[in-house]
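Peer 1: Chains as they are written, first to last, in our numbering: chain H, 392 to 505; chain Y, 17 to 133.
Honestly, the hints are just simulated from the structure, not real lab data. All C-beta atoms in this analysis are idealised placements derived from N, C-alpha and C, irrespective of residue type, glycine included. Careful: at least some of the hints might be erroneous.
Unchecked claim - Incomplete in silico selection of chain Y near chain H, CB under 8 Å:
1. Val-20
2. Ser-31
3. Leu-60
4. Leu-62
5. Pro-126
Unchecked claim - Straight line, CA to CA, 25 Å or less: simulated PhoX-like cross-link-like pairs of lysine-lysine:
6. H:Lys-492 / H:Lys-440
7. H:Lys-440 / Y:Lys-57
8. Y:Lys-80 / Y:Lys-36
9. Y:Lys-57 / H:Lys-492
10. H:Lys-492 / Y:Lys-30
11. Y:Lys-80 / Y:Lys-30
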Amino acid sequence: AQSVTQPDIHITVSEGASLELRCNYSYGATPYLFWYVQSPGQGLQLLLKYFSGDTLVQGIKGFEAEFKRSQSSFNLRKPSVHWSDAAEYFCAVGAPGGYNKLIFGAGTRLAVHP
Amino acid sequence: GAVVSQHPSWVICKSGTSVKIECRSLDFQATTMFWYRQFPKQSLMLMATSNEGSKATYEQGVEKDKFLINHASLTLSTLTVTSAHPEDSSFYICSASSTGVLTDTQYFGPGTRLTVL
Numbered sequence: 392a393q394s395v396t397q398p399d400i401h402i403t404v405s406e407g408a409s410l411e412l413r414c415n416y417s418y419g420a421t422p423y424l425f426w427y428v429q430s431p432g433q434g435l436q437l438l439l440k441y442f443s444g445d446t447l448v449q450g451i452k453g454f455e456a457e458f459k460r461s462q463s464s465f466n467l468r469k470p471s472v473h474w475s476d477a478a479e480y481f482c483a484v485g486a487p488g489g490y491n492k493l494i495f496g497a498g499t500r501l502a503v504h505p
Numbered sequence: 017g018a019v020v021s022q023h024p025s026w027v028i029c030k031s032g033t034s035v036k037i038e039c040r041s042l043d044f045q046a047t048t049m050f051w052y053r054q055f056p057k058q059s060l061m062l063m064a065t066s067n068e069g070s071k072a073t074y075e076q077g078v079e080k081d082k083f084l085i086n087h088a089s090l091t092l093s094t095l096t097v098t099s100a101h102p103e104d105s106s107f108y109i110c111s112a113s114s115t116g117v118l119t120d121t122q123y124f125g126p127g128t129r130l131t132v133l
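Kindly produce the complete structure, drawing on both the sequences and the hints.
Peer 2: Structure below.
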């Protein structure tokens, strides 16, 4: 069965510092991979997604993620964090082939210090 | 990007009553809508998938008779929590997709906070 692990429940970084949010998945083949951000009072917003091809994926708001098959990981990165990046971040996986269910990780709450 | 709205944003009801939550895609036609439940400090759990004009497909463990889902048009899906009890208190989130396949983006609503007294 598919599963997603986000090992870090809460992360605090200083504004301007780099960021890496970890995501590990369990799936028998190459899954579809997603990162979403959830801000208070707003719906989840898609940051980026990976289906195939280049393993380094660029997303919105300066985020990128790298798919590493050998490590079953899809970590999210940003070189310089802004205070507005404070939010909850969810990694999700889906199974290719028509079954359209997304499995979400538990989320990582990001706090940004000025 | 596409916008999905939910109404109400929060609701408080008495135990035993029913509550209806609406999910609307405002600027696109959503063939498929998804309903999720999110407990505090936990992830989103898919409850059911609804396709316009069809019966919803419920995930294992989700009571069909308690959580009634209707997807009568390409822009509206409703979730009715029937005979609500305190354990049904949660954050309910819908998402909408043009086709429902994962290669198409799911657009999420802002969620509805349900509190059952």
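Peer 1: Would you mind marking each hint as holding or not holding in the structure?
Peer 2: Comparing the hints with the structure gives:
For Y:Val-20, the suggested interface contact is upheld, since its CB lies about 6 Å from the closest CB of chain H, less than 8 Å. Interface hint at Y:Ser-31: violated, since its Cβ lies 27 Å from the closest Cβ of chain H, which is beyond the 8 Å cut-off. Look at Y:Leu-60: its Cβ gets to within about 5 Å of chain H, closer than 8 Å, so that hint holds up. At about 6 Å, the closest approach between the beta carbon of Y:Leu-62 and any beta carbon in chain H falls short of 8 Å, and the interface hint on this residue holds.
For Y:Pro-126, the interface hint holds, the least distance from its beta-carbon to any beta-carbon of chain H being 5 Å, beneath 8 Å. For a cut-off of 25 Å, the pair hint linking H:Lys-492 to H:Lys-440 stands: about 15 Å separates their Cα positions. For the suggested pair H:Lys-440 and Y:Lys-57, the alpha carbons sit about 23 Å apart, so the restraint of at most 25 Å is met. For the suggested pair Y:Lys-80 and Y:Lys-36, the alpha carbons sit about 15 Å apart, so the restraint of at most 25 Å is met.
For the suggested pair Y:Lys-57 and H:Lys-492, the alpha carbons sit about 21 Å apart, so the restraint of at most 25 Å is met. With a CA separation close to 32 Å, the supplied pair H:Lys-492 and Y:Lys-30 exceeds the 25 Å bound. The straight-line distance between the Cα atoms of Y:Lys-80 and Y:Lys-30 is roughly 21 Å, inside the 25 Å bound, and the hint therefore holds.
In summary, the numbered hints that this structure violates are 2 and 10.
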